[in-house]
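If you're matching them up, the sequences are chains A and B in order.
Take the first sequence: its letters are residues 0 to 360, numbered as in numbering that gives the first Met the number 0.
Take the second sequence: its letters are residues 0 to 326, numbered as in numbering that gives the first Met the number 0.
Please note that the accuracy of each hint is not assured.
[Said to hold, decoys possible] Here are the simulated DSSO-like pairs of lysine-lysine, each with C-alpha atoms no more than 30 Å apart in a straight line:
no., chain 1, residue 1, chain 2, residue 2
1, A, Lys38, A, Lys286
2, B, Lys221, A, Lys149
3, A, Lys153, B, Lys45
[As the list claims (entries may be wrong)] If we take Cβ atoms under 8 Å as the criterion, some of the chain B residues that face chain A in the derived model are:
no., residue
4, Ala50
5, Thr55
6, Ala61
7, Ala66
8, Ile67
9, Ile71
10, Gly73
11, Thr95
12, Pro140
13, Gly141
14, Asp165
15, Arg243
16, Thr245
Since the hints were made in silico from the structure, they are not lab data.
Because the structure is a prediction, the values reported are computed rather than measured.
In this text, a Cβ means the ideal position worked out from N, Cα and C, and glycines have one as well.
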Amino acid sequence: MLFNQYDPLKKKVFRILDAEGQIVDKTNEPNLPNDVLLKMYQTMVLGRTADLKAVQFQRQGRMLTYAPNHGQEAAQIGPMAAITNQDWLAISFRELNAMLYHGVTLEQLFLYWYGNERGSHYNEGVKVLPVNVPIGSQISHAAGIAYVSKIQKKDEVVIAYIGDGGTSHGEFHEGLNFGSVMNVPMVVIIQNNHYAISTPRSKATKAETLAQKAIGYGIPGIQVDGNDVLAMYVATREAVKRAKNGEGPSLIEAITYRMGPHTTSDNPKIYREDTEVATWEAKDPLKRFSQYLLNKSILTAETDQKYHEEANELVLSTFKNVEASGLESLEEIFEHTYAQMPPHLKEQYETLKNVFSKEAQ
Amino acid sequence: MATLNLLEAVNKALESEMERDEKIVVFGEDAGFEGGVFRATAGLQKRFGEARVFDTPIAEAAIIGSAIGMAINGLKPVVEIQFSGFMFPGYNQIVTHMARYRNRTRGRYTLPMVVRMPYGGGVKALEHHSESLETLFAHIPGLKLVIPSTPYDAMGLLRSAMRDPDPVIFMEPKRIYRAFKQEVPDIEFSVPIGKAKIVKTGSDVTVVAWGAMVREVETAMKLLENDAISVELIDLRTIAPFDRETIIESVKKTSRLLVVHEAVQSFGPAAEIITVVNEKAFYYLAAAPRRLTGPDITVPLPKGEHYFMIEPSRIASEIKLLALMKA
Numbered sequence: 000m001l002f003n004q005y006d007p008l009k010k011k012v013f014r015i016l017d018a019e020g021q022i023v024d025k026t027n028e029p030n031l032p033n034d035v036l037l038k039m040y041q042t043m044v045l046g047r048t049a050d051l052k053a054v055q056f057q058r059q060g061r062m063l064t065y066a067p068n069h070g071q072e073a074a075q076i077g078p079m080a081a082i083t084n085q086d087w088l089a090i091s092f093r094e095l096n097a098m099l100y101h102g103v104t105l106e107q108l109f110l111y112w113y114g115n116e117r118g119s120h121y122n123e124g125v126k127v128l129p130v131n132v133p134i135g136s137q138i139s140h141a142a143g144i145a146y147v148s149k150i151q152k153k154d155e156v157v158i159a160y161i162g163d164g165g166t167s168h169g170e171f172h173e174g175l176n177f178g179s180v181m182n183v184p185m186v187v188i189i190q191n192n193h194y195a196i197s198t199p200r201s202k203a204t205k206a207e208t209l210a211q212k213a214i215g216y217g218i219p220g221i222q223v224d225g226n227d228v229l230a231m232y233v234a235t236r237e238a239v240k241r242a243k244n245g246e247g248p249s250l251i252e253a254i255t256y257r258m259g260p261h262t263t264s265d266n267p268k269i270y271r272e273d274t275e276v277a278t279w280e281a282k283d284p285l286k287r288f289s290q291y292l293l294n295k296s297i298l299t300a301e302t303d304q305k306y307h308e309e310a311n312e313l314v315l316s317t318f319k320n321v322e323a324s325g326l327e328s329l330e331e332i333f334e335h336t337y338a339q340m341p342p343h344l345k346e347q348y349e350t351l352k353n354v355f356s357k358e359a360q
Numbered sequence: 000m001a002t003l004n005l006l007e008a009v010n011k012a013l014e015s016e017m018e019r020d021e022k023i024v025v026f027g028e029d030a031g032f033e034g035g036v037f038r039a040t041a042g043l044q045k046r047f048g049e050a051r052v053f054d055t056p057i058a059e060a061a062i063i064g065s066a067i068g069m070a071i072n073g074l075k076p077v078v079e080i081q082f083s084g085f086m087f088p089g090y091n092q093i094v095t096h097m098a099r100y101r102n103r104t105r106g107r108y109t110l111p112m113v114v115r116m117p118y119g120g121g122v123k124a125l126e127h128h129s130e131s132l133e134t135l136f137a138h139i140p141g142l143k144l145v146i147p148s149t150p151y152d153a154m155g156l157l158r159s160a161m162r163d164p165d166p167v168i169f170m171e172p173k174r175i176y177r178a179f180k181q182e183v184p185d186i187e188f189s190v191p192i193g194k195a196k197i198v199k200t201g202s203d204v205t206v207v208a209w210g211a212m213v214r215e216v217e218t219a220m221k222l223l224e225n226d227a228i229s230v231e232l233i234d235l236r237t238i239a240p241f242d243r244e245t246i247i248e249s250v251k252k253t254s255r256l257l258v259v260h261e262a263v264q265s266f267g268p269a270a271e272i273i274t275v276v277n278e279k280a281f282y283y284l285a286a287a288p289r290r291l292t293g294p295d296i297t298v299p300l301p302k303g304e305h306y307f308m309i310e311p312s313r314i315a316s317e318i319k320l321l322a323l324m325k326a
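Looking at chain B on its own, in the form it has when it is part of the complex (with noise of 0.2 Å):
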């Protein structure tokens, strides 16, 4: 057993990777000798040499295009996109072409690649620095796009996502790259795409969030300790394809549904997953399904930052309205 926070993970799981398969190639701005702005791909190309581990100019729709080349040409690129804020340049690549070659060659070529790249609000960063863009990339067919949480996960699901034959969208809560340490296997473990956790079983109250919101929720969770209110937390993991048989089972037993998400409400992630409980499981439940998310702004400078962000405080009154609703 290892004791890692969420970035060691990551760092972690792309060195054992990279060590089992040497298809594998990680570049990005910053990501070859000095190891990451966040130091995610540290000591990587001392490991395994700058052929495989390497600096690319500023530049990211040539970070994802060249990367699309070399899956096409039998690597594996693991990429970094230093800021997801950044990534509107290599967006064009991403969208008319990693997430669709597989289909337009109708097999001929396959894109076995993962596009990291840290995100979300609460750590008082710059313009641009601070987005939650799930929405962009889960409404692309042909896109994986894969959240962790923890530290164990982080590991699990990038390994993975370098093991899946589709390209994933690797997006890693920043927030919470440091905040707290686990204990993760030494023995190589990985944890599948497109499965659900829950992290609690409850009765009252099913509640979905994912990257740092889960860790927001289970401190709401602790408020409500003497409140006899049971919440079943599932954390979602992977955003698309995501899980739907976990949640519907989970509604259909607790009868009501939060979704969490840092990311802006209008045709968030939260919009799906609650058209799909309402298109399964309407009849079980017991009050409208809600959602407490970013409101529909660009997320503010540092100092007002706060408002934006969703504090446990407001989860928990959310908890409770939800669990007021009598069947």
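Isolated chain A, as found in the complex (with noise of 0.2 Å):
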């Protein structure tokens, strides 16, 4: 199997693209239908002008803080093609791609950083779990969800995000030998950026890479190129495979990297040098796939073109809905906390909306 040809000791890193598009592993090439390649494309299309703008919006001051995606496109689309609506994803706080593709709309993702809870409200069936800030606190969310699919023998994958930084975190490793040692169907997905905001990977662990982590847990790991969709798409049907076999977890290494900020809120410049960044933007996952598809006739310049601005409208107009319809009621902030508000709470609200009221009139 793959993961036993990719031995992480080895440092051996799973690549089925180049920087250039071009095949450099024929026999693991998918065989994915047209109008998938094509959604998967269109998705990391839409996902990247959404981040780029996000960040433009915040820099007009008309977005909080937001998490930029830039350039780990690939790793959040190809594992999303690789399961469908029956699994679940477990999120940290840059997968918008991912939560694109698993059926978070742009309109929640944007009420989200634009800051109402109502972004998180996600549609009934869409098997999503919020932003989860508290890093690595979500791995165990995968576990505890992954457990129900096993003994209910339901036909469910949990896949779990987490940054390499959270890798150093006790959750990480408590929620990682959980759903271990319980044999659960998971995938957890490290997308490697390199840094934890200004901390590199190399003062993170003395581990030489982080897929080896997986044998302290006895679960497979694998080290892939996480720029290249094809592979991020092939490692985790493997992994997933494996999972829905009741063979439990896998883990699964994303070398990728941060184009831009930690947040709207960082100064990249300060902690890494320009020449860097150039290297990395050399190896694109949008333009590494988009001339692979168009290599095969399988997108246009044309349609590729129809993309980027359909995506453009689509952002533009989806952000003014959201200015247009953001704001909470004081009714919504208390209303939630408990499915029933109990007494000493409603007094607070009503001295509150007294409060309020007042003020608008």
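Put the complex together from the two separate chains, hints included.
Have a look at this one:
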């Protein structure tokens, strides 16, 4: 199997497409239908556009602090193409592309980053957990969800994301250990974008790879070129197959790069060189995938142009909607603390209602 | 009628509810095969199988975190933290997720789950086995905190906790796990969360207590039998959100309030209870409300623990002092 061929201790990295979009591993090239390949690419274009615009909106004072995904699209879209609506996604906070592909709407995504909890009320049937800010704590949620899948024999797998920095956290260890010992259908994907805010990967662990951490849990681990959407798809497909076969969790380290800042409040120029950023610019996941699709005549320059234009329009109109409807009522911020508001909370609510209705007059 | 101690009542509540609701799963450190270090879950694995009752690695964050995941995916987890003093690795999950999930998803995901943990001192235990950490839960929006003081209430309240749509912290006073037995009906009954119980009505002094302290107050009341002081004893039962109305009505009648808790004093539950009474019944008070609590120190090891614990004689003195204050 694939994982056996890419021993993380030997630092072998799984790759199908090179930086120019040429196939370097013909045997593992997936045989995906054209419409799926195009959906993957189109979502990457939408994700990239939404991401760049979100940063712009923030700079214009129209959006709150935002955590950009630029450069990490393939590490998110490949795995999502390997699962179905039956499967779950437990994210960290830099997975906008994965969320879009798995059914969260752009409006909900923007609404959340705009500063409204309603953005985390996803539609019925969309099996995605909300943005998870406390680092690493989503891994045990994923393990718990997958435990139910296992004992109720549901045809489900859970994909959990974490960053390279998150792997230092005790929560990562506890969650992955729990999932492994319970042998649940879970796949943990590390987006190794090389930095935990300013702290480089080298200061997070003495281990040479993050994938080798799998060994300690008795599960397979693999390093994958995270900017290669096809390799990410194939590696995840293999891990999902294992999980659904009752063989337990797998760990995938996606080697990628955060082209932008940690969040819009961060200035990466302080801690990394422009030359380093430029080397990763050359490995851009979108360029690489579009080249592959163009070479195979699955995508045309016109369609590509159309995807970009449509994405741009959708992003602008969606954000306009969010700006028009993104405010919260006083009732909303109180009514979801408990299923039923206890008397003391009702009293506090009434007091504030009084304050704000007076202000409104 | 069955005659049960508090620990047996917890066990029976789990058993009967698991029987009724197949969504309930029970797990924690040693909670499966062995039935827990106190045996609160004894016999459950044998009866309901290893998928529903199981041991976990020693990892409190994973215990609470995985329970959150299970609740999201349709189960009702009832987890055991071996001692409340060991809950801290899981506290991150409790505060940053368990308490907030309903609110932060605007009701999309809710977490019907229970976290049980034995708490409190007076059992000559090792370090980190004797704390009373009510405040750390009662301060967090979105949590409910329940503490029984009798076998009857343990069964009735735990049943309510397992039927509650929101996460409930269920702290069990381990000092009285086996201290006494009580008749508990065989029929299914529950005790509502958020309702205090007036253990004894009285007209001179209101005493509010919970958990193991309720019995200590009762003993104190016996010491006062010849003093002609009429004490109204309220067992709070739910610490968050607590039954303000019952306390306020009682203080309006007695004009005097004493709150007794084993937890350390500063920012403890008594501070909140007394504040509410000051806000709502200030002009009924004949004396400044008083509190008898653990001192603001780390719970001592057994050779010094008796200085920390609240003895009935001290409670009796406080009641006498309050009763002397004339309106």
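Now the hints, each set against the structure:
1. A threshold of 30 Å between alpha carbons decides the hint, and for A/Lys38 with A/Lys286 the separation of about 16 Å falls inside it, so the pair holds.
2. Between B/Lys221 and A/Lys149 the alpha-carbon distance is near 56 Å, which puts this suggested pair outside the 30 Å criterion.
3. Of the pairs offered as hints, the one joining A/Lys153 and B/Lys45 holds, with about 24 Å between alpha carbons and a cut-off of 30 Å not exceeded.
4. Using the Cβ-Cβ criterion of 8 Å, the hint placing B/Ala50 at the interface with chain A is satisfied: the shortest such distance is roughly 4 Å.
5. For B/Thr55, the interface hint holds, the least distance from its beta-carbon to any beta-carbon of chain A being 7 Å, beneath 8 Å.
6. Given the 8 Å rule on beta carbons, the hint for B/Ala61 holds: about 4 Å separates it from the nearest Cβ of chain A.
7. A least Cβ separation of about 6 Å between B/Ala66 and chain A falls short of the 8 Å threshold, and the interface hint therefore holds.
8. Nearest Cβ of chain A to the Cβ of B/Ile67: about 5 Å, under the 8 Å cut. The hint holds.
9. Satisfaction of the interface hint for B/Ile71 is found here, the shortest Cβ-Cβ separation to chain A being roughly 6 Å, below the 8 Å cut-off.
10. Hint on B/Gly73 holds. Least Cβ distance to chain A is approximately 6 Å, under the 8 Å limit.
11. This hint holds: B/Thr95 has a C-beta 4 Å from the nearest C-beta of chain A, less than the 8 Å allowed.
12. Against a cut-off of 8 Å between C-beta atoms, the interface hint on B/Pro140 holds, since the closest Cβ of chain A lies about 5 Å away.
13. The interface hint given for B/Gly141 holds, since its Cβ lies 5 Å from the closest Cβ of chain A, which is under the 8 Å cut-off.
14. For B/Asp165, the interface hint holds, since its Cβ comes within 8 Å of a Cβ in chain A; the closest pair sits about 5 Å apart.
15. Evaluation of the B/Arg243 hint against chain A yields a held restraint, the C-beta minimum of about 6 Å falling below 8 Å.
16. Checking B/Thr245 against chain A: minimum C-beta separation of about 12 Å lies over 8 Å; hint violated.
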